[in-house]
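Participant: What follows is the residue order along each chain.
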Amino acid sequence: MDSSTLIRFTLNGQPASARIKSYFTVVDLLQSLHLYGARESCGQGLCGCCTVLLDGVAVSGCLTLAQLVGGRSLTTVESLDQSGILSPVQQAFIDEGAFQCGFCTPGFVLMVHQLLERNADPTDDEIRDHLAGNLCRCAAYPEIIRATKSAAARMRAAATA
Amino acid sequence: MRDFELVRPSSLAEAIALLDTEDGGVRAFSGGTGLMLMMKTGVFTPTSLVRLDGIEPEHAAIGIDDDGSLRIGALATLSTVEHSPIVQKVAPLIPEAMKRLANVRVRNAARIGGNLAHGDPHMDLPPVLAALHASVRAVGPDGERTIAVEDLFAGYYETVLGRGELLTQVIVPSQAGWASVYHKCTTRSADDWPALGVAVSLRVVDGVIADSRLMVSAATEKLTRLVTAEAQLKGAETKAETFARAADAAVAEAETIDDARGSAEYKSSLLHVYVRRALRDALSRGALQ
Amino acid sequence: MTLVKPMPAGQVGRSVPRLEARQKVTGRTDYTHNLTIPGMLHVKVFRSTTAHGRIVSIDTTAAGALPGVHSVITGEDIRKVVPEPYYGPAFHDQPVLALDKVRHVGEPVAVVLAEDPYVAAEAVQLIVAEYEDLEPVFDEVEAMTSKAIVHDALKPAGTFADLKHVAAHRNTNIALDYHLRRGDTSAAFAAADHVYEHEFRSQQVMHTPLEPMVSLAEPGDGIMTIHTASQSPSFVRTEIARLFGWPENRVRVKVPHLGGGFGAKLYIKLEALVACLALMVRRPVKLSLTMEEQFYTITKHATTFRIKSAVTSNGVVTARHCEVFWNGGAYADIGPRVTQKSGFTAPGPYDIENVSIDSYALYTNRPPAGALRGFGIPQLVWAYESHTDLIARDLGIDPLELRRRNILKDGRPHATGTLMQDAAIELVLECIAERMQWSAPFDRGTGTVLRGRGIAIGFKASISPTTSVAIVNIAADGSTNLYMSTVDMGQGSDTAMAQIVAETLGIETETIRVVRPDTDVTPYDMATLGSRSTFHMGNAVKMAATHAKEQLAEMAASLGLTPGTNYQTSDLFKKKFGMQAGNVIGVGTFIPSYKSPDLATGLSENVTPFWMIGGTGVEVEVDTETGHVRILRMVNAADLGRPLNPKIVETQLSGAAVMQLGFTLTEKMEMDGGQVTNASLADYKIPGLHDVPLVMENHIVQANQHSGPYGAKGVGESATFGVSPAIANAIHDAVGVRLTELPLTPEAVFRALHAASKD
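Residue numbers (my numbering), protein chains in the order written: chain A, 1 to 161; chain B, 162 to 450; chain C, 451 to 1209.
Rather than coming from a laboratory, the hints here were simulated on the basis of the structure. Among the hints, erroneous ones may be present.
20 Å max Cα-Cα, derived SDA-like pairs, lysine to any residue [what the hints assert, rightly or not]:
{"id": "1", "chain 1": "B", "residue 1": "Lys201", "chain 2": "C", "residue 2": "Thr1015"}
{"id": "2", "chain 1": "B", "residue 1": "Lys260", "chain 2": "A", "residue 2": "Met155"}
{"id": "3", "chain 1": "A", "residue 1": "Lys21", "chain 2": "C", "residue 2": "Glu1147"}
{"id": "4", "chain 1": "B", "residue 1": "Lys201", "chain 2": "C", "residue 2": "Glu1147"}
{"id": "5", "chain 1": "C", "residue 1": "Lys1026", "chain 2": "C", "residue 2": "Pro1042"}
{"id": "6", "chain 1": "A", "residue 1": "Lys149", "chain 2": "C", "residue 2": "Arg497"}
{"id": "7", "chain 1": "A", "residue 1": "Lys149", "chain 2": "C", "residue 2": "Thr1015"}
{"id": "8", "chain 1": "A", "residue 1": "Lys21", "chain 2": "C", "residue 2": "Thr486"}
Label-pair ranges, simulated between beta-carbon atoms [as the list claims (entries may be wrong)]:
{"id": "9", "chain 1": "B", "residue 1": "Ala178", "chain 2": "A", "residue 2": "Asn12", "range": "34 to 42 Å"}
{"id": "10", "chain 1": "B", "residue 1": "Ala405", "chain 2": "C", "residue 2": "Glu582", "range": "22 to 30 Å"}
{"id": "11", "chain 1": "A", "residue 1": "Glu126", "chain 2": "C", "residue 2": "Gly672", "range": "38 to 46 Å"}
Virtual Cβ for every residue (Gly too), placed ideally from N, Cα, C.
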């Protein structure tokens, strides 16, 4: 019994295809493609470990059916350093020590990217509101706020340079 | 999980026809955030999911009518509503409440129609919209009807929507002259679902409350309009004693329930505090022009 | 935060970014979670719905018939392959799959194996088990005397030297009792100006590592390889070898980075099950728990602590009696060790002449409890520091002053008789007092929002005696690998240990590669737990690096090179071997000295190789109408000797404090008939960004652990100690009510306020 179907989509800017089952989530899809940056933890869209961008918008991979990706653009954390250079957000996370075990980190990094696209200079409160749906059990929260502000400053500086 | 089919109708009529079935495994699928949770926990086993994104453009638009009322297509994502300048202008309470509604990813995926049709009593939008006197348009096999948001909910995770009936629009009348506030109270972590949600709208003329709308959610089995509390407010002066009387009435009429977020007794006490504070804050916020 | 001068080589004391930082921000860390192996089967577990019952039947027919199912396996099937399929670090009491009885809701009873995990999950729903219900016991105090007996006979493992005396008792739920008697408490109580007695309770909570527990077993030709998210690869190897009756070298345990551990992934958890299954089906087998399943796997002990003190009118504590009941759940895990190791610190970091302690590890029909960031210490500090505050308030003595009058100073004997050494208790207390501006006027708020503040300090002994072994391998080009079985679960051990090697060899930390734990390659380490690694493994690593350095020096001497002349390490190899060839291998083995507590008195003159000290001060705001508590400011301080990496240390302190904040304010496993009714992050609320105190400071006091590597000792748990009582003390200070049970929910505060207003 092979009930799988083929979907075609754009993955991190490149054309991609995969055979999926009707009930696969985006996390299952990515695992089948050996991309592990989005990972399931709480399984309820509450922790943010499975964050991906669908048509440029952050969603929970564990709550998104893989079938819905067909014909659309899926972006994962692995897209950010395709040139071999870390994104300003990734570099800021390292410089501020904004993680410990790192399991939640790709989710936070992608969420911060989305925040900074909309808001180049977020306040602490705006950062907290935006990231309130991402959990870090190591609780590197103060460092994550610092990293977000530092990344914002770097990106503003780069934009005016 | 078993295999199921995902169908994508291209018109509303087609979607309604697909959903007008006795098969309990057939459900409408918009943002999918609520339904996916039910599927993952085995609460719902689908045979067929009816995707609504094929009929999206005409049912996701946001606009203003000539009379100043706001029309939000039921398929608009919560994020679209949150960041819409039109919504901000007509009903700023909606984007304000959105900031702490679920999380950014849920708001990016969930649609306002699906959010209301889910019937979860812990949602923030039902009390907000009901306080703003909003209504929804529903289309089903038997035609189209308008339902006030305060009348949409029949019970715990239950709405009055019939088989094959879909929400198409949320209509929020002009808020000119009204002052509104929504306060939610969480009793565990800050990002928890509320133990209590209180939304109030006040229309004050010359220091006297001409009209009011008071809604409670989360602490009760379903969204509840606090009509006796509203009666206490009508024609009364805007002072602390009035608000306390309204709070007493609210506690007397709201049937709070026990759950992991607190006992019924505690929630009634919270309700008293939050009704007073919401009325005070609405008054100090002042009416929209 | 305190500035630290780096050591001469500039490696220790430097805030080196984590060596694996780049992998972590790019999503490329190699967690076991990500691992797939060709031909692998997924396991899903069928779990007990009964808290205590005899297994009457298990019907797996329908599950086995579902298309796509490879096999369905029960405990009886396992018993055919492994005759005594019971495991555990302190007791061999936990069956690989339930046998004869189930002892808690959620206990694994059967498993389904399938290539598609969704198929396995669906098949699990088709298994039907029938139980004959037995009377359950859930409360730790009731378990002392209940008729319900969780285990018919106790089965001590004898793995640990200090648990050797655990005897095989019958008809009891007491897995271990520890008693300490020092001085004459009866006489002191009889002569006391004041006697205070209180009872405090703490709740059952879960670690919730975001990488849920996961293990994968891969059978080979006469060997078994286990890839696992474990904090103790060496222990897993020993235990699997014991279960199989194999020599250790036929079991290989590989551990990549962990997505959090906090004690959840210690000793042996899923490894026994996957190893048995792989042995039976001869295919790789992977079990990945869901977040929900973790709540049924391992938790933190709920406790009841009765504490009684004799106090003079001027606030000197002359005697203390501690009675602690630890709710260990259905399987002992490491609970007995917690009972003893933490038990002897129950009187607190105070100099008390007469002390008695009775500490009991109890079996109940709850999910098992083990170690969680503090090994029982936070539960004890919760009680003794709340108690300290209550004494101070009653006597009208400032709580800080009362602590000063009783504090345990260096050189004075601890309750066990061990002399305090390198234990900066006073410094921690004074650091918090200074940062809180304790003696300055304090704004107490007005109207319905009142403010208060509280402090609390605690201490912990290191577990002992335990062994760590490290290997430093210098290649012919001078580049260096460190081989050790310490597991980096986020605490930064790879980086800190590399700094020790770098400091010793005089090279850059960033050039060192740390080899991930692999028992075929990396040497023995007892486990990554209880903040032991920096001290134990750190010493072993330093010894290994020193050993390598000595060999390089010998090599140089044998080649006629004089020390201090200009040559590279690579020159030595080239000169000696005629080309780029050879290795220098330094080995270090460390085990501290120790004397086991006397069985009758609980006393020992050498009960721990080092002490960890931590404390917290908070300012809170209480909404008197709703009971909501907001933490306005939190000051954490700790004695961790010299910090190897100040930035990682600070993250450890703040992370530990915020985790404990969750255990203080929001987290609690809600139970109904033994079932956890909130086993998900939707209903079990861990702290998020909005829950972090608005102002948080973390301080490292100036200290030195003379026996530690470059003066360092462990830090992972220290900032958890004081959080809970500091907050309860601050609430009392703000609104005059005392909470004695965790968590301190708004409703609990509200009810206490309500009750107080009626009095």
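Participant: Failing hints, ascending?
Facilitator: 1, 2, 3, 4, 5, 6, 7, 10 and 11
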